[in-house]
Amino acid sequence: MKHKLLLFFLFIICIKTYSQEDRKFLYAEIKDKIGPIVNAHIINKNTNQGTFSNDSGEFRILAKPNDSLNISFVGYKTKTYKIKITHFGIQQNIIFLEKTNYELDEVKIRDHDLLGYLSSDSKKIKTEKTIDAKSLKLPYAGSRILTPAERKLYTALGGGNLLSVDFLLNTISGRIKKLRKLKAIEEKEKRITFINTTYKDYIKHILKLKNEDILRFVYYCESSSDFKTINYREKISMFKFLKQKSIEFKKLNPKTYQ
24 MKHKLLLFFL
34 FIICIKTYSQ
44 EDRKFLYAEI
54 KDKIGPIVNA
64 HIINKNTNQG
74 TFSNDSGEFR
84 ILAKPNDSLN
94 ISFVGYKTKT
104 YKIKITHFGI
114 QQNIIFLEKT
124 NYELDEVKIR
134 DHDLLGYLSS
144 DSKKIKTEKT
154 IDAKSLKLPY
164 AGSRILTPAE
174 RKLYTALGGG
184 NLLSVDFLLN
194 TISGRIKKLR
204 KLKAIEEKEK
214 RITFINTTYK
224 DYIKHILKLK
234 NEDILRFVYY
244 CESSSDFKTI
254 NYREKISMFK
264 FLKQKSIEFK
274 KLNPKTYQ
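If you want the numbering used here, it's the 1-based position in the sequence shown plus 23.
Hints listed in this document are in silico derivations from the structure and should not be mistaken for laboratory results. Do not rely on the hints blindly, as some may be mistaken.
Computed list of lysine to any residue pairs in SDA-like fashion (alpha-carbon distance at most 20 Å, straight line) [stated by the list, open to error]:
no. : residue 1 : residue 2
1   : Lys100    : Asp55
2   : Lys274    : Tyr243
3   : Lys175    : Phe48
4   : Lys223    : Lys175
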């Protein structure tokens, strides 16, 4: 079965490679006047494949001469970058983005008939449309910035294109499986950091755990099967959960907690 699956993937790769018309990886760096731009979104408009710039502003993407890259980031002008044959040479490709200036509507100060009572004045106040990234229609406004592990996984998955060469090669090599594990580890550490930061005083002063045991206790709680059934950001549920787990934790450490 695995042999047939491998042959299928190789067949798809051959088809995609042919359809890519000898595209190869283009390497470039995205900057502004200050320095590199992290998490900028790059899409090859000819293939609809996308990626993100890394922590150094660098990225790679399959392209060929005359392809066009669409490069965008919140607060910057979206740029179309035309690929030339010289971009595949040894020189460094640097793409500069310009910040976008947005003019807000004029603020008019005028008389009002408010009485100073919330019950009556609240009915007279007209709310204005909120001015934010979404209302200004900035590219990818409201989308969450990907973490390093999420960004690597997104790129390995071919930017969402399941028939991309990147996706097929990374699936066969096992890289996607490894990146999924890395993402799971990152999410686990994020949960542990949140619990330790948010509930540390409660664990120390109310549950009476020693300071040197707090982090070990948090890891113990997060690894419990019960943890998956609660919302760890909902405080009442977490207080009850931590209290129960502290009893178990102390029983496992009788010499320290008698």
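Within a Cα-Cα threshold of 20 Å, do Lys175 and Phe48 meet the stated pairing? 16 Å, holds
Compare the distance between the alpha carbons of Lys223 and Lys175 with 20 Å, and conclude whether the hinted pair is satisfied. Outside the cut-off at roughly 32 Å; violated.
Does Asp55 lie within 20 Å of Lys100 when you go C-alpha to C-alpha? 11 Å, holds
For the pair we were handed, Lys274 and Tyr243, check the Cα-Cα distance against 20 Å. 13 Å, holds
When held up to the earlier numbered hints, the structure conflicts with hint 4 and nothing else.
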